[in-house]
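Undergrad: Now for the letters of each chain:
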Amino acid sequence: MSGKHGHKPFEGHMHDYEAHIKAVEEDLEYYRAKRFEPRIIYLLRRGVVTFHDLLEARVALTRKNQFFKPRKRQGNNIEARVRYLEEWLDEYVKGIALVSARAVDAMDMVTEDNRKERGDYDDFFKIKKKEHHGTLEERMVNVEQDLREYQELLEVFVQALIARGWSTREELEQRWQQLHEERPWAGGVIVAKAWSDAEFKEALLTIGREALREMGVHQGKVGKLVVVENTGAVHNVVVCTLCSCYPYDILGDTPWWYKHESYRTRIVQNPRAVVKEMFGLDVPAGKELRVYDSTSDVRYFVLPQRPKGTDGMSEAELAKLVTVDSLLGAGMALEPAQLKEVERTGAGLESPRVRPD
Amino acid sequence: MESTNSKFKIGDPVVVASENPSGNPRTPIYIRGKRGIIGLAHGVLENVRDHRGIHEPLYTVRFDLSEVSACRDHDSIWVDVHEEWLSGLQPEEKH
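Chains as they are written, first to last, in the working numbering: chain A, 1 to 357; chain B, 1 to 95.
Read the hints as simulated data drawn from the structure, not as lab findings. On a predicted model such as this, the values are computed, not experimentally measured, just so you know. Misleading hints may appear alongside valid ones.
[What the hints assert, rightly or not] Derived BS3-like pairs (lysine-lysine); straight-line CA-CA distance at most 27 Å:
#, chain 1, residue 1, chain 2, residue 2
1, A, LYS94, A, LYS130
2, A, LYS221, A, LYS201
3, A, LYS276, A, LYS308
4, A, LYS259, A, LYS221
5, B, LYS9, A, LYS201
6, A, LYS116, B, LYS34
7, A, LYS287, A, LYS193
8, A, LYS340, A, LYS320
9, B, LYS34, A, LYS259
10, A, LYS287, B, LYS7
11, A, LYS94, A, LYS69
12, A, LYS308, A, LYS193
[Said to hold, decoys possible] If you want the ones that stay clear, here's a sample from chain A, every Cβ over 10 Å from chain B, calculated:
#, residue
13, ARG46
14, GLU56
15, PHE67
16, GLN151
17, ALA163
18, ARG164
19, SER167
20, THR168
21, GLN177
22, GLY252
23, GLN269
24, THR295
We put the beta carbon where it would ideally sit given N, CA and C, even for glycine.
Produce the complete structure using the sequences and hints provided.
TA: What follows is the structure in structure tokens.
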């Protein structure tokens, strides 16, 4: 799950179904309880959308006018079913991105308001997340049911935004298409260039976003960027203990474990033990481990060390070795032989190996 | 990046306030009252998408892991803290 984007459906052979489902469960509840429902409540509070708008939109909803098209499953084997849930989750997350942009445009809204109202600073305000227990089969059935329910609310919310005139169907459709445009894996492109071009690397480490602007990487304005370099003496790890700040405008979707409370709490208490336990990463005794806690306006990622056996490789080849985990200090960039193994078996993509509960 | 009107410079020893001085909530509880060293100085950062108004200059403060947790490994935790949360220390007060 961590090869490219946080919840991007994995395209190779699957290795550990339970890990995939766990990741879907975690991400689904995160996006519902932290990203989507707090935003509805925020807009309800301010009269941008009312409960009655939602009810009316539900009544007016038909197969014809629905915005999100129903999904079809390809096959009935377990792999097809897992993939189906992952793809559905991906659409749900994109749907939240779609309506979030409209909500921001519709009014003077800042992230900090949202953090307060969704309980980042006070558990009292937190929306309860659902937990799933039971066999893998039972959990898959439950997740599918949840997705259906959550998707329906999203659909109704889109309809209400249109009905209230906060957006038009055309505008939303255009943005929906943009959200589906494939972009190259920026993390890989950036790191491969830094490994190959000393001047760029220097710029990346000192001026961050400016260096990316010069190389034409797509980026937004999510805080100042600081890139920290892993060396023979220092291993860097990134966290946001207050919420889950992440340079998503550059790196794409956040991996699910990065948002998990267990990781966020424990990595600043006992980092060596946590990276070993969660990611199977042994940081040698002589190496300093530095944890960067992005509590404010800075977003961090790690420049991993260039793996052995990569002399003479092109930037395009090098980019494939760069995993999301390696950009957060939760792993190393892959060696070429490891990449082959990952592509062959799918093993190692379902980090963390030991799942926090 | 270092702004001229920032109060501290890289290497300065500082202590984090125990109580929230101004209602700015972006300083986590585990570093409140703890001592560290200025690791990076960012100056005043405008981030209008994130919060209203402009915060004081921002620093990344380096804490020994053992200062903020019971763990004795010789590792470090680097946390972003705004100036209003920080007071200077004499170098010998560090330990």
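Undergrad: A separate judgement is required for each hint: does it hold in the structure or not?
TA: Here's how the hints hold up against the structure:
As the CA atoms of LYS94 (chain A) and LYS130 (chain A) are separated by approximately 21 Å, the hinted pair is consistent with the 27 Å bound. Among the hinted pairs, LYS221 (chain A) with LYS201 (chain A) is consistent with the structure: their alpha-carbon atoms are about 21 Å apart, no more than 27 Å. With a CA separation close to 21 Å, the supplied pair LYS276 (chain A) and LYS308 (chain A) stays within the 27 Å bound. For a cut-off of 27 Å, the pair hint linking LYS259 (chain A) to LYS221 (chain A) stands: about 21 Å separates their Cα positions.
Between the alpha carbons of LYS9 (chain B) and LYS201 (chain A) the distance comes to roughly 25 Å, so the proposed pair stays at or under 27 Å and holds. A C-alpha spacing of about 25 Å is found between LYS116 (chain A) and LYS34 (chain B), which places the hinted pair at or below 27 Å, so the restraint holds. Taking the CA atoms of LYS287 (chain A) and LYS193 (chain A), the gap is about 25 Å. The hint holds against a cut of 27 Å. The suggested pairing of LYS340 (chain A) with LYS320 (chain A) holds, with an alpha-carbon distance near 11 Å, which does not exceed 27 Å.
Distance hint between LYS34 (chain B) and LYS259 (chain A) is fulfilled; the C-alpha atoms sit about 25 Å from each other, no more than 27 Å. In summary, the hint linking LYS287 (chain A) to LYS7 (chain B) is not supported, as the alpha carbons are separated by about 32 Å, beyond the 27 Å threshold. The hinted pair formed by LYS94 (chain A) and LYS69 (chain A) meets the criterion: a straight-line CA distance of about 13 Å does not exceed 27 Å. As the CA atoms of LYS308 (chain A) and LYS193 (chain A) are separated by approximately 16 Å, the hinted pair is consistent with the 27 Å bound.
Every CB of chain B lies more than 10 Å from the CB of ARG46 (chain A), the least distance being 15 Å, so the non-interface label holds. Annotated as non-interface, GLU56 (chain A) keeps its C-beta farther than 10 Å from every C-beta of chain B; the closest such distance is 32 Å. The claim that PHE67 (chain A) is not at the interface with chain B holds, since no C-beta of that chain comes within 10 Å of its own (minimum 26 Å). Interface exclusion of GLN151 (chain A) from chain B stands, the closest Cβ pair being 28 Å apart, more than 10 Å.
The Cβ of ALA163 (chain A) sits about 28 Å from the closest Cβ of chain B, beyond the 10 Å cut-off, so the non-interface label holds. Here ARG164 (chain A) stays apart from chain B, with its beta-carbon at least about 24 Å from theirs, past the 10 Å limit. Interface exclusion of SER167 (chain A) from chain B stands, the closest Cβ pair being 20 Å apart, more than 10 Å. At the 10 Å boundary, the C-beta of THR168 (chain A) stays outside the reach of chain B, the nearest C-beta of that chain being 24 Å off.
At roughly 24 Å from the closest C-beta of chain B, the C-beta of GLN177 (chain A) stays outside 10 Å, upholding its exclusion from the interface. At roughly 18 Å from the closest C-beta of chain B, the C-beta of GLY252 (chain A) stays outside 10 Å, upholding its exclusion from the interface. Look at GLN269 (chain A): its CB is around 4 Å from the nearest CB on chain B, not clear of 10 Å, so calling it non-interface is violated. Listed as outside the interface, THR295 (chain A) is inconsistent with that label: its C-beta sits roughly 5 Å from the nearest C-beta of chain B, within the 10 Å cut-off.
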